[in-house]
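J.: Residue numbers (this note's numbering): 5 to 316.
Hints may contain errors.
Restraint ranges, calculated between C-beta atoms of paired labels, are given here [unchecked claim]:
#1 Tyr32 with Gly250: 34 to 40 Å
#2 Asp197 with Lys280: 20 to 26 Å
#3 Asp132 with Lys54: 36 to 42 Å
#4 Thr123 with Thr55: 27 to 33 Å
#5 Lys280 with Glu199: 42 to 48 Å
#6 Tyr24 with Trp291: 39 to 45 Å
#7 Gln58 with Leu133: 20 to 26 Å
#8 Thr55 with Glu156: 42 to 48 Å
#9 Val148 with Trp291: 28 to 34 Å
#10 Tyr233 with Asp41: 36 to 42 Å
#11 Asp124 with Lys64: 34 to 40 Å
#12 Asp41 with Glu199: 46 to 52 Å
Simulated from the structure, these hints should not be mistaken for laboratory data. Heads up, the beta-carbon is just placed ideally off N, CA and C, and yes, glycines get one too.
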Amino acid sequence: MTMVGDVMMGRNIKEITKRYGPTYVFRYTLPYFENSDYVSGNFENPVLLKTNEQYEKADKYIHLETQREAVAASKEAGFTLLNLANNHMMDYGEKGLRDTLQVFKEENLDYIGAGENLTDAKNIVYQDLNGVRVASLGFTDVYVDGFIASKEQAGVLNMNPDIFFELIRKAKKSTEGNADLIIVNAHWGDEYDTEANPRQKVLAKAMVDAGADIIIGHHPHVLQSFEVYKNSIIFYSLGNFIFDQGWTRTKDSALVQYHLQNNGLAKVEIVPLKIKEGTPSPVSGWWDTERINRQLTKKQSMNQNGMKKRGR
């Protein structure tokens, strides 16, 4: 199983993929995807099927968008699921979100965290992988007015503890769910802050208490540390994965592989990445590897391979 951070397929990335091909930006990480039954990330932009002028833009400073080809390229690269609960998915209003949902359905690519209404946005994706039932769900804690899905409005799923913790419990205990492994995508935290804030830490531990096994954070655009709590692993932020930001810290990234083993243990491997021209690739050299590992662990050194017992 492979998990990454923010995937932004607009702006300069659109120009790169037009010139070199739709999967060009994934070329160095394809070997990790190809050997995984499960690949997830955060899809940071709506898909527009018409010209930008035909959509009502959200009242905010930065608007991201991409085209249908980005979803097809993500699937071709190996993604099996993408989180849509984030602060850019409604940049072009309900119409932009509906276009996005339509394309994901047409491409037969699973998504979480957004929908035509609240019921749809609360959808849990279940996948049976080699005898292990995996449940995936996602939320955003970062949004502007009008972004949140309701009974009658398309939108994203926000962090409402009364709703979200119950979804985790449902995935774990219900007849429909009965998941062996619960993965939560959390769009949260403060941009460009390498430290998880107190709210992230409180929410993460509460989600683990509710039954989450793996929490994958994104939104800060930089790496934040991870921790193990009650035998579950929390990545507060994996930073950018595909992005065109130019600051040095936003170019540090990481890819997480979670290997389920027959002896009841899970092996967690972290692959430090560096983004150049929107394209992530494994870092070379001791210094860059150690620097990224230190950011993830907040310790002086780290062995990239970790072992933990499964939570089920």
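J.: Hint by hint, which ones does the structure fall short of?
T.: 1, 5, 6, 7, 8, 9, 10, 11, 12
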